[in-house]
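Trainee: Spelled out, the chains give:
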Amino acid sequence: MSDLPRWAQEDVWRKVAIWVTAGMFVVLIILTFDSVAVITAGSERVPAYSVINQRIYYRMDRERGFQAPVIGEEAPLFGTVLTEEEAAKMVSHGKLTVQAKNCINCHTLLGNGAYYAPDLTKSWLDPAWGNEAVRESMMVKFLMDPESNARGYGTNRKMPNLDITEEEARAVVAFLKWMSSIDTTGFPAGFPAIAQEGDR
Amino acid sequence: MNSIAIGTFSMTRLSGGQQLAIKYFAVAMVLFVAQCLFGLFAGLQYVMPEFGYNWLDFSVNRMVHINAMVVWMLYGFIGSVYWLVEEEAGTELVGLKLANLAFWVLTLAVTLVVLVYLFVQTGAGEIETIWFINEGREYIEAPRWADIGIVACVLVFFYNIAATFNKGSWSGISGVLVLDLVALAGLYLAGMFYTANISMDQYWWWWVIHLWVEATWEVLVGCIMAWGLMKTLGARRVVVTTWLYIEVALMFGSGILGLGHHYFWIGTPEYWLTIGGFFSALEPIPLVAMVVHAVYDSGVHKFRNANHPALAWLIAHAFGNFFGAGVWGFMHTLPQINLYTHGTQWTSSHGHLAFFGAYATIIIAVIYLAIQKARGDVHMGAGLATGWRWKWSFTLLNVGVVGMTMALLISGYEQSFVERALEGSSWSGYFAAQSTHWYMQGMYWREVWGVVTIVGLIILLWDLVTICADEKRASPVLNKATATA
Ligand code: HEM
Ligand code: HEM
Ligand SMILES: [Fe+2]
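Protein chains in written order, with the working numbering: chain A, 1 to 200; chain B, 1001 to 1485.
If you're looking for bench data, these hints aren't it; they were derived computationally from the structure.
A few of these clues could be false.
Claimed, not checked - Residues from chain A that keep clear of chain B, each with C-beta distances beyond 10 Å, as calculated: (1) 50; (2) 62; (3) 72; (4) 78; (5) 198.
What the hints assert, rightly or not - Non-contacting residues of chain A with respect to chain B, defined by C-beta distances greater than 12 Å in every case (computed): (6) 57; (7) 74; (8) 75; (9) 80; (10) 136.
Unchecked claim - Once the Cα atoms are required to be at most 25 Å apart in a straight line, the calculated DMTMM-like pairs of lysine to aspartate or glutamate come out as: (11) 1167(B) <-> 1092(B); (12) 1302(B) <-> 1377(B); (13) 158(A) <-> 1147(B); (14) 15(A) <-> 1180(B); (15) 1023(B) <-> 1087(B); (16) 1097(B) <-> 1147(B); (17) 1167(B) <-> 1086(B); (18) 1023(B) <-> 1092(B); (19) 158(A) <-> 1377(B); (20) 1097(B) <-> 1086(B); (21) 1167(B) <-> 163(A); (22) 141(A) <-> 1470(B); (23) 158(A) <-> 147(A); (24) 1391(B) <-> 1470(B); (25) 89(A) <-> 166(A); (26) 89(A) <-> 163(A); (27) 89(A) <-> 1126(B); (28) 158(A) <-> 1447(B); (29) 1023(B) <-> 1377(B); (30) 141(A) <-> 74(A); (31) 158(A) <-> 136(A); (32) 1167(B) <-> 1050(B); (33) 89(A) <-> 136(A); (34) 89(A) <-> 199(A); (35) 89(A) <-> 1128(B); (36) 141(A) <-> 86(A); (37) 141(A) <-> 1126(B).
Each residue gets a CB set at the ideal place from its N, CA and C atoms; glycine is no exception.
Take these sequences, add in the hints, and give me the full structure.
Mentor: Shown next as structure tokens:
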């Protein structure tokens, strides 16, 4: 063994493996502490749940070079201003519904999931809902009965009925509205957001 | 040692751990069939959306497809480790009864979970659904009760492996293996909590998914490969062990921070664009090292080996890993391109070639090694009476998956251009891409190659149960050095 050069010795490589692994893991832990703070709801990039009380835009940020969410004036969801706790409860109910109905095995959320249906990251801002005045009720209607409200754009593909109750549908809309406020570093790029009051 | 004729399949030729391994392999192959069947259903829905609408929806088919995959691969890995542990440790498994119990408990749990997926499918938007029906998070959909069961069974597995090495003897390979299993099991815990915060959810979800497939699974198959090269070629232990350490250093050195390629667009800080882009771009390096290692060793031993199908699948593993993970992964890993390919059929193209190329292949190789032994160290080299079967199944499976990969890549290009780049990923933009000619061509061809794949799989299963049944020759003894080392 010892006649081998150092770079070919088993022992040397064992130590290299251990130190490299440990080193990388420590760096990951440090970055994780930082990242978790940044993505906790209520931080700059991931707003508090009560953001659903306000209007959300997706505007070009000249300095950063891509679109980013902008939080506007008050525009309560379903016409009711919620406290932070109420908002958190509603968004959480929406998220639970998203998990319970397995939305992610057809759709992508933040770009992750399945590719059978549109990305939901900015669904709240989708121009296909028509205009601000009807959006909320259209979304609830669609989620409760996607079959009769199908678009499909010339394909036969439809979302199935998932037995979503009205309360669940409203909660899902709250979740989608909140999700659209997350700063996703410009993904999706070039998204043509719905026209809203206060647009410029 | 025993009087059963060469060529007859007999469990009595095997140690306790090896008999258990055979059970794990059997369930793995059943699930592999289920995986492909439900994959075909899901793929069919792209070209025939009426199929299964409102009773066997895409989401259900896809969930069964990818869950069956994760579970059969874990079964394959557990089986492989049980297969080699006693030989490697030089002693008997410490807790065979418990290990058998864990196998049946796990298999029962998996069966229940699948039945609930198929017949209950979804639940109300309450925490109970996550506990008892479906967690609704890709790849780790298993409800919480099953998560806990899985962890318990994995602990039994882990105890058995570590304690057996402890009773017998440790080696370089077993040291890496056991430490890697600790990490693999520990990571699963990162996926076992609920949060409303989708950014936080995906942050930890990727710890499970990425740090499994691009770190711990990769090292686990590195261990199996090291052992497999000694078995099939008679490669020297010191050589494979040194290579294993090099691979661990390179794989963990790039793959741990390579995790950042999933933190570009989920709300996480922008430094991940640099860190994730840089380190994930290095990830192909260990995969190149693995190819070099496998091919070089085969060359050194002039491809003289004791098990032709197993060696063929090991070589397929080395190349599949390199192309599926290394090349296909690299193609979309820089943030500048990932902005447009993220969440499109590109991802699916990569996912198929990587999972098949890196993991399905090596498990199949180990199963061939296992069968050779169960048939009394029978000759499994050139000139088998039914040799066409393993060659055809090998060819059809590889060609089928590569065909699907190419079809998905073309659809992926089209989708990236039309939906992501031109239309800004809106609802109508999504369907604009779905309706293009080239995109739909890809969807049809994926289904065609999918059928090729499943034909290959059926021949594989046929071969696995019949290979060498009428073979009377014994396998030649390879390099003496490994037999004793
Ligand atoms: C055997 C190893 C690997 C396997 C099994 C694998 C598998 C996968 C799968 C299944 C996905 C999709 C996850 C989802 O459903 O969202 C994925 C995503 C991804 N993989 Fe891999 N991968 C491997 C190695 C690599 C390597 C080495 C690289 C880079 C060099 C890479 C780069 C990526 C990227 C960038 C994504 C994200 C795609 C997106 O943005 O949609 N992968 N991988
Ligand atoms: C038998 C033929 C197969 C067919 C028809 C098929 C079809 C599909 C379909 C339709 C999806 C859903 C993709 C989407 O969301 O649009 C999928 C996902 C997936 N399949 Fe397959 N599949 C097959 C075989 C396999 C095999 C052999 C493997 C690996 C061993 C595999 C691994 C995967 C993975 C990892 C995903 C998730 C991809 C992602 O999220 O990006 N499939 N498959
Ligand atoms: Fe990754």
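Trainee: Within a Cα-Cα threshold of 25 Å, do residue 141(A) and residue 74(A) meet the stated pairing?
Mentor: Roughly 24 Å between the alpha carbons, so the hint for residue 141(A) and residue 74(A) holds.
Trainee: Taking only the CA atoms, is the gap from residue 141(A) to residue 1470(B) under or equal to 25 Å?
Mentor: violated, 65 Å
Trainee: Need the status of pair residue 89(A), residue 136(A): alpha-carbon distance at most 25 Å?
Mentor: holds, 18 Å
Trainee: Mind checking the alpha carbons of residue 89(A) and residue 1128(B) for me, to see if they're no more than 25 Å apart?
Mentor: Within the cut-off at roughly 16 Å; holds.
Trainee: Is residue 158(A) within 25 Å of residue 1147(B), Cα to Cα?
Mentor: violated, 32 Å
Trainee: Mind checking the alpha carbons of residue 158(A) and residue 147(A) for me, to see if they're no more than 25 Å apart?
Mentor: Holds, at roughly 6 Å.
Trainee: Assess, step by step, whether the Cα of residue 89(A) is no farther than 25 Å from the Cα of residue 199(A), and give holds or violated.
Mentor: Judged against 25 Å, a Cα distance of about 30 Å means the pair is violated.
Trainee: Is residue 89(A) within 25 Å of residue 1126(B), Cα to Cα?
Mentor: Cα-Cα ~12 Å, so holds.
Trainee: Would residue 50(A) pass as off the interface with chain B, using Cβ distances and a cut of 10 Å?
Mentor: holds, 13 Å
Trainee: Taken at face value, is the distance from the CA of residue 1180(B) to the CA of residue 15(A) at most 25 Å?
Mentor: OK: residue 15(A) and residue 1180(B) at ~16 Å, within 25 Å.
Trainee: Taking only the CA atoms, is the gap from residue 1023(B) to residue 1377(B) under or equal to 25 Å?
Mentor: holds, 19 Å
Trainee: CA of residue 1167(B) to CA of residue 163(A), is that 25 Å or under?
Mentor: Since the Cα atoms of residue 1167(B) and residue 163(A) sit roughly 56 Å apart, the hinted pair is violated (cutoff 25 Å).
In this structure, the hints that do not hold are numbers 13, 19, 21, 22, 32, 34, in rising order.
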